[in-house]
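Participant: Those protein sequence lines, which keep their order, are chains A, B, C, D, E and F. Under the UniProt record's numbering, think of the first position of the first sequence as 1, with each following residue one higher. Under the UniProt record's numbering, think of the first position of the second sequence as 1, with each following residue one higher. Under the UniProt record's numbering, think of the first position of the third sequence as 1, with each following residue one higher. Under the UniProt record's numbering, think of the first position of the fourth sequence as 1, with each following residue one higher. Under the UniProt record's numbering, think of the first position of the fifth sequence as 1, with each following residue one higher. Under the UniProt record's numbering, think of the first position of the sixth sequence as 1, with each following residue one higher.
Just so you know, not all the hints are guaranteed correct.
Pairs count within a copy or across copies, as identical chains cannot be separated in the list.
Taking lysine-lysine pairs in the DSS-like style, the calculated list, with each CA pair at most 25 Å apart, reads [as the list claims (entries may be wrong)]:
{"id": "1", "residue 1": "Lys233", "residue 2": "Lys25"}
{"id": "2", "residue 1": "Lys74", "residue 2": "Lys25"}
{"id": "3", "residue 1": "Lys233", "residue 2": "Lys13"}
{"id": "4", "residue 1": "Lys146", "residue 2": "Lys46"}
{"id": "5", "residue 1": "Lys223", "residue 2": "Lys233"}
{"id": "6", "residue 1": "Lys52", "residue 2": "Lys74"}
{"id": "7", "residue 1": "Lys46", "residue 2": "Lys74"}
{"id": "8", "residue 1": "Lys74", "residue 2": "Lys22"}
{"id": "9", "residue 1": "Lys212", "residue 2": "Lys194"}
{"id": "10", "residue 1": "Lys22", "residue 2": "Lys212"}
{"id": "11", "residue 1": "Lys212", "residue 2": "Lys223"}
{"id": "12", "residue 1": "Lys74", "residue 2": "Lys56"}
{"id": "13", "residue 1": "Lys74", "residue 2": "Lys233"}
Calculated from the structure, these hints are not laboratory results. Predicted model only: the values in this text are computed from it and were never measured.
Number of protein chains: 6
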Amino acid sequence: MRIDGRNQDELRKLKITRGFTKYSKGSVLIEMGDTKVICTATVEEKVPAFLKGTGKGWVTAEYAMLPSSTQTRKNRDISRLRLDGRSTEIQRLIGRSLRSVMNLDVLGERTIWIDCDVIQADGGTRCASITGAFVALTDAVNAIDKETPFETYPISGMVSAISVGIGEEGPILDLNYAEDSTAMVDMNVIMNEKGEFIELQGTGEERPFTAKEMNALLTLASKGNEDLLAQVKEIMGEDLRRIL
Amino acid sequence: MRIDGRNQDELRKLKITRGFTKYSKGSVLIEMGDTKVICTATVEEKVPAFLKGTGKGWVTAEYAMLPSSTQTRKNRDISRLRLDGRSTEIQRLIGRSLRSVMNLDVLGERTIWIDCDVIQADGGTRCASITGAFVALTDAVNAIDKETPFETYPISGMVSAISVGIGEEGPILDLNYAEDSTAMVDMNVIMNEKGEFIELQGTGEERPFTAKEMNALLTLASKGNEDLLAQVKEIMGEDLRRIL
Amino acid sequence: MRIDGRNQDELRKLKITRGFTKYSKGSVLIEMGDTKVICTATVEEKVPAFLKGTGKGWVTAEYAMLPSSTQTRKNRDISRLRLDGRSTEIQRLIGRSLRSVMNLDVLGERTIWIDCDVIQADGGTRCASITGAFVALTDAVNAIDKETPFETYPISGMVSAISVGIGEEGPILDLNYAEDSTAMVDMNVIMNEKGEFIELQGTGEERPFTAKEMNALLTLASKGNEDLLAQVKEIMGEDLRRIL
Amino acid sequence: MRIDGRNQDELRKLKITRGFTKYSKGSVLIEMGDTKVICTATVEEKVPAFLKGTGKGWVTAEYAMLPSSTQTRKNRDISRLRLDGRSTEIQRLIGRSLRSVMNLDVLGERTIWIDCDVIQADGGTRCASITGAFVALTDAVNAIDKETPFETYPISGMVSAISVGIGEEGPILDLNYAEDSTAMVDMNVIMNEKGEFIELQGTGEERPFTAKEMNALLTLASKGNEDLLAQVKEIMGEDLRRIL
Amino acid sequence: MRIDGRNQDELRKLKITRGFTKYSKGSVLIEMGDTKVICTATVEEKVPAFLKGTGKGWVTAEYAMLPSSTQTRKNRDISRLRLDGRSTEIQRLIGRSLRSVMNLDVLGERTIWIDCDVIQADGGTRCASITGAFVALTDAVNAIDKETPFETYPISGMVSAISVGIGEEGPILDLNYAEDSTAMVDMNVIMNEKGEFIELQGTGEERPFTAKEMNALLTLASKGNEDLLAQVKEIMGEDLRRIL
Amino acid sequence: MRIDGRNQDELRKLKITRGFTKYSKGSVLIEMGDTKVICTATVEEKVPAFLKGTGKGWVTAEYAMLPSSTQTRKNRDISRLRLDGRSTEIQRLIGRSLRSVMNLDVLGERTIWIDCDVIQADGGTRCASITGAFVALTDAVNAIDKETPFETYPISGMVSAISVGIGEEGPILDLNYAEDSTAMVDMNVIMNEKGEFIELQGTGEERPFTAKEMNALLTLASKGNEDLLAQVKEIMGEDLRRIL
């Protein structure tokens, strides 16, 4: 039995509020249990220098935690004049994951900025960010498409992410902060709607893990992402028709 | 008649959600029309170097806008390695305003960090931040008081803030973004529940203003703050009894 | 009676040395009692990115204190890699105040850089900076005008600034450092030669102030600015003829 | 057949020069084909603030590329005032991997700094860094042990790392730069001498990958790390006796 | 004949104003022709970390140019977030030169901060800074000595600096900006009152120079420093008696 | 007799490995005794803003020490967000020295980046960097020349650098770290193959030095550079024919 009474393969309660703020073409508040992240997709009609004149677009992500989002107040990056190392790692992961389903040639010379701002962190913020960002990105692409329809639809698949880990009770799905702090192994698994892997990061800082354990974790993560995407499909309905 | 149909001396709809996030002793979502700011008060059991050993506490504020909170995406400070000049100005104002009602001797050697993070900016974010921060600060002080009661209550008065300006139609109260962009004069007025001034900043970048105009603006601001504090009293009820 | 024997409504001795250094088109050493600030206006034949191609010019200000200008040595901003918060606030105020009398369309695509470098700080440095910067700016504009006459003269009015505050002895004008440190309320008032307000910043960090007190302060500030501008007129003589 | 004539499961030529420079207790030049990294382990007799007084030690890593190590000159981090995002990610990975075999309680209140400086980058620099850093760390620990013997030996296992990827020709081991740039999927696998996983990072930015493909990659990586560790054992001989 | 009519071995007019500002124990405005530098010596009753507990003091220097001090406005270091390379070089030189005559053991655990702020730069600012800083340092040491007399006087000799160069007309002394820009070789020579060398920096970026030319430059510099120190002795009179 | 048994006028053993890494057109490992520096010359087909459109090229240098290159680990510049003052001074010196023999008009609109990265520092790193950088620069220029021959050869002379100092035993050549730490006077002398001076920096922080001592040092430095250049000629052979 887990701290919060869930089964080992049970997701926390998911809630997605679309249109959460009014200025971004895609704006989502995603909640996975007590983890809450604002994910927005903002369109800018220009590209970074290395893409200028290529006709290709870009998708890039930034991730940050509000100072009040954690148990102990987290100092702002600007007060240390450095981007937090963990944030760097996470925002690179978010960017790569979303670009993996994005046809940048079709997007055209524009940048979609993904901003994931954590307002309450109870474990799994990077995974919630990726899932939420996928919804915001799709909403933004649909908004562009409505104004000036794309010939080919630029998003080729769905993306979701979930964490798995090995706790005292064996492999568990979707760890909250308390579970995450005591897990021996933890892994973040980003997948698409076909059950394929987009990205995978596993860490055994507490102890190494065997191939057998990894298989168990991957099976659990596959189930978790499947459940998650089923809910996302339910929530987005018709707005996914160009992808599915 | 104003863009959104309000009277010249009419506030936008105020909504205050207390306990908005779970880790800070005070956590408030304040909404003034479409302006939305998360204001939190986090307690840290130490003080800056200049207060160490004095027995006195400190209240300090930080203000930031989420990149997606504005019409055009606002780059993060860390990406330019500098704190935005306007944010610097605003967070200094918030800190001064709250310290003006705070007895730092009574607080003891602890720091209360006020964080105001704007999630949607439709004019008047600095004023909403101050009003929201007052509520969060009071909630935090009450929470400390519950654990280890203060001999003397450290907060001596209420604080609220409202903007006034001179638009085409003359003096107006609580400007939204569209009004703010076209106002000839604008002023931010921070007051207490006795109708006294705590801080005042008036700017006539478009054109200078006369003493007569200033008096009209101050009268309007006084009325605005009075209305605002009446609502805050309604919302906080018994939690203000040690102040009033 | 005040510390230095002045009446409550008496300015400190003003001294303005024009042509203080040789490279800037406008270069002024302004002294208000023991407060000394070098104010220069340097012309650069280009504008910031956001004005390129608009035909409009720009006026911007930077303010800094020499490390040796204060009682305790002030570390340089570069040694902390951050612009001092107070300096940020002040230089934004100087810039706004001067732009309020400047016709940027007439100026043409050039930038006038105002640099205010405090060499001795005895209270009221921001006000001295504004008054001194007005003189330097006018000298620079006259120098440009001499080389290539403007069709319309770009400066529309005079600007001066003075501080007022409430000390033990009631409202006082032009506070020196000792007075400033003990004042309960202090206010900086920027005005033009018609007695209109350009900008106004009042702070009651020690205690709030009433509308009545504010009126007294504003009356005092109006008199102070009037006296100040009379002296500036005396000093600049014919060089103001295009403004007055 | 691969570009450089290797079999799909064949490592590049490994060369490890121990004692490469004279000041660090551990100093290694590791070469994997044309990839060359200087890995050093320097001992400092103090710990970061969060460990002071706990009796525990720390192992931390920094990774950087010389400007001349890449095909196009890489600007120094200091010239942009930011640590490169990729370097951040890599140095965090190196640190976690080495700490996973390190008993920090036994190490005592000292820090071992791992520095990985790439002098020539031809693919797989993060993996070469980890393997080289393990050798440098062991040399440094043995040097400490010689001066003041540890009661318990602080290193509990070996660490090595290898990249695998899916190229045109299917799964391949130890990708050089040319292969890495065209691989559809690539994965970095950090393992110990028992064939267990320490860390795992797989990315399918070009296209997602199936569970079956992942199994093939992991099998290949296991073989690669086994080959690699066999060579490291050969090179270090008796110096590993306390671990094996 | 030189541009400004001087002989080849003639110094520009020297003017030293002591007590230029009121807060620093030593405060000097030094003018060498049109070059003007404010040199101050401020005493702080603590030392850098590396000297804590050693009983030794420290002398350190900072050098900066006001933005308006040069023909083309010089951007502030803080606006680029980097200390100017040339300033770095110069302030290290000033610090070394003054420490060369300072007995840090006798000074005791205090730091003397030397600040050299150039208000008008017409060549030779680093040399003027060193000579002016020597005067400010001596004034500050004498001021400390007056309050709490040193057993041994901490300054062991005088320091002055002058530039020499090879122009069209051969070797010349004390180059102004116009001469400096066209000189083929230039050298800064720091000496003491015994005619010995403290520091020497010669650069032949335009063309290399021979041993014979160097001898001519050193002879000229020796004469220049002798003349300069004679004037400094005249100006400081009795205040040098503990040194001479 | 010196610590390492050398005569007072004897260089340490010089070793130059050309083609040390594969991506830069010039890449040299220079060893002077235990001092080891990687010097590379990388060609970039553009110039800094101030040279754009002039047809002229640029040569610039960067110098850094690996953290493990010194007895006590040296923190990376990026971890302090500032370029080390000593490195700033040295890289400016390297740049000036190489530009002194470079015809930038003939080079054309390209930049040659010189990178000097110290991997082991046993005294004299700035001198070794200059000598090594000269070789790397010449190799790079020859490589360009081979692809697209220059009409005029852009390098006009050889450059080498050596340190001299006054130790207990009198003037000594090419000081190692132990000697450097105890020398009373030390000087770095950059010369060309005609025995002329390019740059000269002498410091007497321990004690001032006389004209006579300086002559002795310069004579020693001339001999040292002559010996050094003889070895460089031997090593480079035919590759210097366009210069000599």
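Participant: A separate judgement is required for each hint: does it hold in the structure or not?
Facilitator: We went through each hint and held it up to the structure:
no.	hint	in the structure
1	Lys233 <-> Lys25	within (20 Å within a copy, 37 Å between copies)
2	Lys74 <-> Lys25	between (29 Å within a copy, 15 Å between copies)
3	Lys233 <-> Lys13	within (15 Å within a copy, 35 Å between copies)
4	Lys146 <-> Lys46	within (19 Å within a copy, 41 Å between copies)
5	Lys223 <-> Lys233	within (15 Å within a copy, 40 Å between copies)
6	Lys52 <-> Lys74	between (37 Å within a copy, 20 Å between copies)
7	Lys46 <-> Lys74	between (33 Å within a copy, 15 Å between copies)
8	Lys74 <-> Lys22	between (27 Å within a copy, 14 Å between copies)
9	Lys212 <-> Lys194	both (23 Å within a copy, 14 Å between copies)
10	Lys22 <-> Lys212	neither (47 Å within a copy, 38 Å between copies)
11	Lys212 <-> Lys223	both (17 Å within a copy, 16 Å between copies)
12	Lys74 <-> Lys56	between (37 Å within a copy, 23 Å between copies)
13	Lys74 <-> Lys233	neither (35 Å within a copy, 31 Å between copies)
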